[in-house]
Amino acid sequence: MDKKNSDSIDHWINIGAGTTSGIASNIFSSMNPTIEGAIIGGTLGALVEGTFVRIGNEMKNRLLSKREEKRIGSAFVFLLEKVDENLKNGNHYRKDDFFRETEGDYNYNAEILEGVLITIQKSYEEKKVKFISYFYANIIFETRWDRLHANHFLRLAEEMSYRQFCLLAIYYHKEKFGLNKEPVKNHRIVRYDTMADIHSLKEKALFKLIIPMTHGSGFVYQLPPENASISDYGKAFYDLFDLAKISKEDIFEVAEHLIPLEKIKEMREEET
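Using the working numbering, read the sequence shown as starting at 1 and increasing by one per residue.
Since the hints were derived computationally from the structure, they do not count as laboratory data. Ideal Cβ positions, reconstructed from N, Cα and C, are used throughout, including at glycine. Wrong hints could be hidden among the right ones.
[What the hints assert, rightly or not] Computed Cβ-Cβ distance ranges for the label pairs, DEER-style:
| no. | residue 1 | residue 2 | range |
| --- | --- | --- | --- |
| 1 | Glu175 | Glu101 | 24 to 34 Å |
| 2 | Glu249 | Ile118 | 25 to 35 Å |
| 3 | Pro260 | Asn61 | 47 to 57 Å |
| 4 | His199 | Arg100 | 37 to 47 Å |
| 5 | Ala205 | Lys176 | 21 to 31 Å |
| 6 | Glu270 | Arg100 | 43 to 53 Å |
| 7 | Lys265 | Leu148 | 39 to 49 Å |
| 8 | Glu101 | Lys263 | 52 to 62 Å |
| 9 | Ile211 | Thr102 | 24 to 34 Å |
Take these sequences, add in the hints, and give me the full structure.
In structure tokens, the structure reads:
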């Protein structure tokens, strides 16, 4: 890649390198002593390189606040990190029509990357940025989900809160947490908003709810946390967005609304 083309990517990488806790410097130092051109033109290859340049230039031409620029810069660092990880693990880019140029010199890869960056630009919950970035870096390797599914996953991520990301991570390992089997009404009122989030995940087909016959037409948010479980679609979301990398402390903070505090204390002690 020539210097002119690499400038747009270097622009975002240099912004992101200062906002991702040193992640960028770790990525690039393992391949090249300088950031410039370390991954672009090397590890990524032509399939995604051109799209990065094109969309990177388009994002540079947008009117963005400083905060939005930092989010997008962080996104470039995170997704480059994850693409590099996937390639080093022996994964291969998908071989369907995802990268095929269509009318107007555009392809599904560009569509999803642009969608990811615009979603991140608007995401005031900045803890979501890393995981939405990982989604792009995973979907370009994953042939099970086509463009329509990819757009749907991205739309769900835009609508969801970071706490809902954490809930998916908790229920992915439901047996580990020992969720409460008593109705919410027997516990702290703060639990109602958590159960509302769970109900919302059910409406998005990411969760399943078991409603006992004895429950009748009562308030669905009063169901025991144990009655919820992650769906197969929810598991796919968990994997594509790499929610296994959510910090343990964030998981515990959300889990406090769902399981006995004694259990949380025990799990925290196990982590130390």
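Okay, the hints, checked on the actual structure:
1. Glu175 - Glu101: 24 to 34 Å: At roughly 46 Å between Cβ atoms, Glu101 and Glu175 fall outside 24 to 34 Å, so the hint is violated.
2. Glu249 - Ile118: 25 to 35 Å: 29 Å, holds
3. Pro260 - Asn61: 47 to 57 Å: 53 Å, holds
4. His199 - Arg100: 37 to 47 Å: 40 Å, holds
5. Ala205 - Lys176: 21 to 31 Å: 23 Å, holds
6. Glu270 - Arg100: 43 to 53 Å: Holds, since Glu270 and Arg100 (Cβ atoms, about 48 Å apart) stay within the stated range.
7. Lys265 - Leu148: 39 to 49 Å: About 44 Å separates the Cβ atoms of Lys265 and Leu148, which means 39 to 49 Å holds.
8. Glu101 - Lys263: 52 to 62 Å: The hinted range 52 to 62 Å holds for Glu101 and Lys263, with Cβ atoms some 53 Å apart.
9. Ile211 - Thr102: 24 to 34 Å: Roughly 45 Å apart at Cβ, these two residues miss the hinted range, so it is violated.
Checked against the numbered hints given earlier, this structure breaks hints 1, 9; the rest are met.
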